Amino acid sequence: MTTPIPHTGRRTTGGLFLPFLLTAAFLALACLGPDPAHAADPAGPAGAYQAASPHLYRHIKGVNPRVAVWLVAQLHLWFAAFVLAVPAFVLVMEAAGVLRKDERYDRLAFEFIRLSTTAYTLTAAFGAVLAAVLFAFYPGLIKYMSRIFSPTFAPYLLLFVVENACLYAYRFGWKTMRQGRAKLVHMGIGGLLNLTGIAIMVIANAWTTFMMSPGGVYQSGLFSGRLWEAINNPLWNPLNLHRFMANIAFGGSIVAAYAAYRFLGAGSDGERAHYDWMGYTANFIAVAALLPLPFAGYWLTAEIYAYSQQMGITLMGGIFGWLFIIQAVLIGALFLSANYYLWCGMERSDGGKRYTPYIKYIAFVIALCFLVWFTPHTPQMRPSEVRAIGGQYHPVLGPLGLMPAKNIAVNIMILFTFLSFLLHRRSNLEATVRWAAFGKAAQAAIFSAAVLNITFLGVYYGYFTNTVYKVASSVPQVVTTILAIAACTAIDAVLFRGAKRTGPVRWGKMPARSQYALVLLAVSFTWLMGLMGFVRSAIRQHWHVYGVVRDTSAHAFTPSITYATRVVSIGTVVFMALMVFIFYLNGRKRDEGLL
Amino acid sequence: MKVFYRYAAFAVMAVVFYTAFVELVAPDVTPSPPPPEEEFVDIGKMTVEEFIIIGERVFKGKGSCALCHKRVRGRAPWLGEIAVTAAKRMEDPRYRGKATNPHEYILESMLDPSAYVVPGYGKKGTADTVSPMPDASKPPVGLSRFEMEAVAAYLETISGRGATVDLERIKKEFLSNGR
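Going down the list, the sequences are from chains Y and X. Going by our numbering, the first residue of the first sequence is number 6, and it counts up by one from there. Going by our numbering, the first residue of the second sequence is number 258, and it counts up by one from there.
Simulated from the structure, these hints should not be mistaken for laboratory data. Values in this document were obtained by computation on a predicted structure and should not be read as measured data. Cβ coordinates follow ideal geometry from the N, Cα and C atoms, glycine included. Hints are not guaranteed to be accurate.
What the hints assert, rightly or not - One-sided excerpt, in silico: chain Y residues whose CB lies under 8 Å from chain X:
#1 K66
#2 I318
#3 W532
Based on the sequences and whatever the hints tell you, model everything.
What follows is the structure, given as structure tokens:
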């Protein structure tokens with residue numbers, strides 16, 4: 006049984022991209038020239054060396070080759086992240102529809118994959134442009150990389166073709182393969198689509214991480230001939246995990262932004278209800294993947310330190326230290342908008358009112374954690390300001406600038422976001438099991454013990470023991486958070502089995518402002534990915550391949566943070582404009598009897 | 258139409274807010290330009306002075322030694338007089354190493370930092386018997402024998418004792434094994 010969603014007939018036109026285009030043009034004027042701080046730099050020093058003659062660069066008048074490659078690569082990555090992530094949760098949703106015998110999941114999954122198909126074309130297009138600009142501007146580097154990785158090119162292309170075929174078979178076979186064994190075949194195609202997508206990502210990650218932590222080469226840059234060592238370099242697996250999880254979170258947020266777009270323009274209650282549910286589901290996926298993401302980040306950072314202490318120090322200290330303050334603002338925005346959306350969602354049912362008084366406390370704790378994370382270790386100060394506070398560090402707030410305080414903040418923020426989810430989940434439920442009071446008390450005890458343990462570990466090992474333990478204590482903190490979430494979820498699942506419903510969930514009964522929280526989530530994710538991508542790449546400093554192949558071009562310098570953020574902002578505006586165009590195209594499509 | 262404009266304006270405003278935040282709040286620090294390309298040192302013709310300069314570069318750069326071994330608020334002992342203090346430490350009953358002169362002592366400290374732990378700088382709970390410093394020859398620092406010899410020569414020099422390095426032996430070793 007499907008419930009067609011009446012189309013509102015509202016249409017937008019291509020000319021409506023004016024706000025995006027104007028902003029992108031303004032930012033482009035501000036930054037596409039050389040970074041003013043380095044405008045007077047001569048071309049890189051004439052060098053001797055290297056084994057693969059990477060010192061070959063081409064110039065096209067009026068084009069900044071680094072920014073061109075940077076923007077195209079970032080746009081390709083954003084689209085690639087989206088099209089790799091969406092099929093993963095589409096498959097899970099399709100399977101949930103089959104297992105629960107609920108066609109709503111099937112319809113939702115189909116709408117997700119429809120979005121992904123359109124984005125796939127743009128991913129491939131940006132991939133082709135990226136290859137072209139790399140060959141055009143950095144032929145020496147590409148020649149060097151090709152000598153090492155050329156055996157991976159054929160499997161990459163083959164996987165791309167297979168992925169393409171799977172995607173189109175999966176998307177266009179949805180209607181014809183809806184029942185019986187055909188459905189299983191369809192899900193098999195979905196599984197293959199995911200596997201090929203992941204394989205493509207890990208091959209590309211090998212190229213990227215080789216540039217950061219090269220393996221299988223001698224100090225002179227000469228390739229040893231051991232391809233597996235080059236692929237399985239120290240940062241390969243940490244980046245594979247980090248990117249996979251980040252892609253899921255990012256993909257969820259973009260789908261949520263699409264749902265918000267359609268919700269705001271919905272012409273009927275049925276349509277509004279559908280897109281409200283879609284937004285809720287996508288937001289759930291985004292936040293569920295966001296919660297463990299810092300832990301994957303810890304692993305990646307620890308491996309960067311283990312590979313090269315110098316690279317680790319570049320990452321977390323100096324000018325890049327400030328990028329983590331900016332990251333804190335973005336993560337704060339992500340957590341606050343995700344929580345705000347959940348709190349608004351409690352209005353969907355009458356039972357949600359029971360939990361409204363708790364919201365202000367959760368909001369207070371999350372805001373407090375955000376402020377701790379936001380506190381810089383060594384703020385930039387004038388000499389008079391340094392004298393006024395009696396040193397480089399603030400006497401009271403100084404300790405909050407250290408990593409242990411931030412570890413406490415992020416873990417507690419994750420736990421309280423989980424609490425918001427828990428309250429939202431049970432907003433229209435009332436536990437009927439006899440041990441309900443005991444179960445809730447156990448959850449409260451686990452939760453409180455986790456918060457106390459995280460705080461104790463952070464304070465004691467962070468401030469009262471040897472430096473070595475400062476970093477090591479983050480592992481038991483993470484374990485505490487994961488265990489608390491797992492234990493509370495397990496208890497909740499049993500506690501509310503067969504629970505009494507306090508009333509219906511009125512999908513669509515959401516204030517419009519809640520949808521802007523979803524838009525903020527998508528924009529913040531996009532911007533954050535761009536910024537962190539810059540940091541990951543910039544810690545190589547003046548190296549194409551760290552410590553092996555030096556960048557001797559005029560653009561070998563590390564750009565200032567403001568310059569980098571302008572480039573990231575241009576990319577974000579262009580990406581969002583293209584995504585809204587995809588939303589628009591998707592809105593115009595006929596429902597194909599499935600929606 | 259109104260919805261589209263609101264949606265687009267909100268998305269653009271978020272990007273503008275983040276950009277403005279960085280422009281207004283973050284310090285516009287200009288990172289240092291890339292260092293000049295290191296010239297190849299002809300090991301056969303290398304002088305002691307050139308060897309000491311290599312040691313200084315390793316100490317402040319690849320070795321990350323200067324990060325902890327600072328005069329003020331350092332997490333590890335200051336090394337400005339290490340060639341002088343080394344003799345006293347080798348006589349200390351707590352010393353467990355085999356060095357017979359300051360040069361060997363410095364090299365030994367890089368390979369086996371726990372051979373002698375300066376009081377107050379040991380791992381907590383070990384009564385200053387275990388050093389928190391990693392073996393400098395292994396990752397993440399990963400210095401070669403040649404680089405450690407150069408660091409030792411540099412530290413001897415800044416201690417005011419002059420480098421006691423056997424340059425011919427080091428040249429021979431480097432030319433035979435490339436490290």
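Violated hints, by number in ascending order, as checked against the structure: Those not satisfied come down to hint 1.
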